[in-house]
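Chemist: Residue numbers (our numbering), protein chains in the order written: chain A, 1 to 265; chain B, 1 to 317.
The set of hints was computed from the structure by calculation and includes no laboratory data.
Since the model is a prediction, treat every value here as computed from it, not as a measurement.
One should not assume that every hint holds.
For lysine-lysine, the following PhoX-like pairs were computed, each having C-alpha atoms within a straight-line distance of at most 20 Å [as the list claims (entries may be wrong)]:
# : chain 1 : residue 1 : chain 2 : residue 2
1 : B       : 243       : A       : 187
2 : A       : 227       : B       : 79
3 : A       : 182       : B       : 30
4 : B       : 193       : B       : 269
5 : A       : 187       : B       : 235
6 : A       : 49        : A       : 187
7 : B       : 193       : A       : 259
8 : A       : 198       : A       : 68
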Amino acid sequence: MNLVCLVKCIPDVGEITIDPVRHVLVRENLDLVINPEDAQAVAIALSVKRRFQNTRITVVSMGPPNAKPLVEDLLRLGVDHAVFLCDPSFGGSDTYATSTILAKALQSIPFDWILSGTHTLDGDTAHVPAQIAQALSLNHLSHLTAVDLSMAEQHTLIVDSEDDHTITRIAIDAPGILSFSKEAPFKLPYVAYDDLDKDVSDRLSVKTHQDLGLKRTQIGFEGSKTKVINTFVPTRPSKAKIVVQLNDEGLDTVIDTFKTWGYLP
Amino acid sequence: MRILILIDSCHPELTRELSAVAHELTRDPKLHGIAFDPTISPKESTLDILHTPTQPIPAVDQAAIISAILSLLHTTPFKAILVPATPFGRQIAPRLAMALHTGLVADVTQIQSTEHGLVMIRPAYSGKLMASIVNTADGPLMMSIRQGVFSGDHLPTKTPSRHVLAASVQLSPGIRILESRPKTMTEDIRQAKILVSGGGGIQHHFKELHRLAEVLGASVSASRRIVDSGIVSRKIQVGQSGKTVSPDLYVALGISGSVQHIEGLRNIKHLVVVNTNPNAPLTALADLVVEGDAVEFIHRFTERIRQRDAEGATHGR
Ligand SMILES: Cc1cc2nc3c(=O)[nH]c(=O)nc-3n(C[C@H](O)[C@H](O)[C@H](O)COP(=O)(O)OP(=O)(O)OC[C@H]3O[C@@H](n4cnc5c(N)ncnc54)[C@H](O)[C@@H]3O)c2cc1C
Chain A
1 MNLVCLVKCI
11 PDVGEITIDP
21 VRHVLVRENL
31 DLVINPEDAQ
41 AVAIALSVKR
51 RFQNTRITVV
61 SMGPPNAKPL
71 VEDLLRLGVD
81 HAVFLCDPSF
91 GGSDTYATST
101 ILAKALQSIP
111 FDWILSGTHT
121 LDGDTAHVPA
131 QIAQALSLNH
141 LSHLTAVDLS
151 MAEQHTLIVD
161 SEDDHTITRI
171 AIDAPGILSF
181 SKEAPFKLPY
191 VAYDDLDKDV
201 SDRLSVKTHQ
211 DLGLKRTQIG
221 FEGSKTKVIN
231 TFVPTRPSKA
241 KIVVQLNDEG
251 LDTVIDTFKT
261 WGYLP
Chain B
1 MRILILIDSC
11 HPELTRELSA
21 VAHELTRDPK
31 LHGIAFDPTI
41 SPKESTLDIL
51 HTPTQPIPAV
61 DQAAIISAIL
71 SLLHTTPFKA
81 ILVPATPFGR
91 QIAPRLAMAL
101 HTGLVADVTQ
111 IQSTEHGLVM
121 IRPAYSGKLM
131 ASIVNTADGP
141 LMMSIRQGVF
151 SGDHLPTKTP
161 SRHVLAASVQ
171 LSPGIRILES
181 RPKTMTEDIR
191 QAKILVSGGG
201 GIQHHFKELH
211 RLAEVLGASV
221 SASRRIVDSG
231 IVSRKIQVGQ
241 SGKTVSPDLY
251 VALGISGSVQ
261 HIEGLRNIKH
271 LVVVNTNPNA
281 PLTALADLVV
291 EGDAVEFIHR
301 FTERIRQRDA
311 EGATHGR
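With the hints as extra help, turn the sequences into a complete structure.
Modeler: Below you can see the structure in the form of structure tokens.
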């Protein structure tokens, strides 16, 4: 079985802070992390490989040069091959251009299944897997929380897709794209200590737009269909905040306020 | 101006919110809707025309849904296509945008007409930053709209005329729904109107929260600190690695307000913070801050309410 995992390395959103004076994001020295839902997709692929030895896992990731070590770590965890799409001219790509680039790369990789996360923490558009599915005319399911491999050898997977209210069990035939959600119970292990410096360069191919046969007009700002013209820090409507001490007077205020808001009769 | 609205058959009520966006886009929009369940009721509608296929298309069959939409667009061009930012809408919209070679902006919370044309504004980086985005393609303007942001309450109710799509539906053979069941929910904190939530500051007395919950008719939730200590199940964790909640009232006791926790708070009407530290980060977002010990607050507050109720009962007699 050929599995391809789509992986995005993102700035560690939890660590992002906002400069209180200049009202901009502090981006310096921001560590990159693997988008958690994409890490789950890799964890699932590794568990499939443990069960079916003839599984071959390829990771495809597009990102800046400092994402490369993270991709290498995936190879140290048991991923067979990685295609790292790294080219300054990919910069500025919106989801349309990104999907065009990834779809092009996927055309030269054999796959039965493409696995990914549903959302990324940084952009959080959830567009890319769906757009790749459209570009490659594939079926696509997202918000997946479970996968049943009992029919995997017949090229069918049985998956659970969850929204807020319903769990839908679906059988899907290969080839297809499966996007997992954060509720899925798969975790990527840490790289074993002995493997930390393992050389994996022979299993990593770095590709540029020329390697993929893409024109400059298809990628980056030029290939995009949307343009960010401005970003700003949201100003929360500064609320008339009430601060009270925990004493009788303070409690009076709390009770009156709850009454005004309609939570107490 | 003709505008197309995608209808999520699980959330037909969002059509009204999307119609409000259409009315912000242009003064007198001609509103078309497209639904994939032909039995959908056009009642309480804001649409002029409702398009449906000849037979139902299951939500997971995206390819068939895209063909149905494309068959409509083939005969009827639209200036804009609005999609609800529900799981369904957010799966269909990107495919459609790709097929139409047009731009798509996700989870839009605001639109503005400017010298750059129409600007769509959306949150990025977990809402820490807002991005203003324009569509640079020639195709229709496309966006998915965050639910609960735009209000269409003022729009008149219409009875749309029905139009059945001419193209026959080709369902994808590669996808079969085996079963669909409602989630069994032992009280889902996402449904709660009032939540009392506890964190590290009330770790050793977490049970006391239930007393407060009882007098307020609230459900109980927790920060990850409490979940990681094994005191409560992850099912009631609020935050980035837990659930996103939108109660009217959120009372946070002994919760500092880490970014990961705040990530789980959406559209909260009233936020009350009880904390010994009046400068805990969460107080910056609060409507009401009580500076003091969480357990003492619960005791004194519930006691006051009990007294009040007792007095009320005597007076009533
Ligand atoms: C990847 C990642 C994901 C995460 N996801 C989540 C998540 O989903 N949800 C989540 O909550 N956290 C999450 N966290 C953890 C988060 O960073 C914080 O560690 C956590 O939210 C802290 O919980 P707390 O505020 O309850 O506890 P603490 O940080 O211990 O804060 C305790 C607060 O109680 C106050 N206090 C102390 N004593 C009292 C008292 N007697 N009475 C009243 N107040 C008192 C203190 O002033 C302080 O403000 C995540 C972290 C990471 C790295």
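Chemist: Now, for every hint given, state plainly whether the structure supports it.
Modeler: Results of checking the hints against the structure:
Between residue 243 (chain B) and residue 187 (chain A), the direct Cα distance comes to roughly 18 Å. Compliance with the 20 Å bound is thereby established for this hinted pair. A hinted pair counts as satisfied when its Cα atoms are at most 20 Å apart, and residue 227 (chain A) with residue 79 (chain B) qualifies at roughly 19 Å. For the suggested pair residue 182 (chain A) and residue 30 (chain B), the alpha carbons sit about 39 Å apart, so the restraint of at most 20 Å is broken. As the CA atoms of residue 193 (chain B) and residue 269 (chain B) are separated by approximately 10 Å, the hinted pair is consistent with the 20 Å bound.
For a cut-off of 20 Å, the pair hint linking residue 187 (chain A) to residue 235 (chain B) stands: about 18 Å separates their Cα positions. About 15 Å separates the Cα atoms of residue 49 (chain A) and residue 187 (chain A), which keeps this hinted pair within 20 Å; it holds. The suggested pairing of residue 193 (chain B) with residue 259 (chain A) holds, with an alpha-carbon distance near 15 Å, which does not exceed 20 Å. Using a Cα cut-off of 20 Å, the hinted pair residue 198 (chain A) and residue 68 (chain A) holds, with the two alpha carbons roughly 14 Å apart.
Hint 3 alone, counting from the list given before, is not met by this structure.
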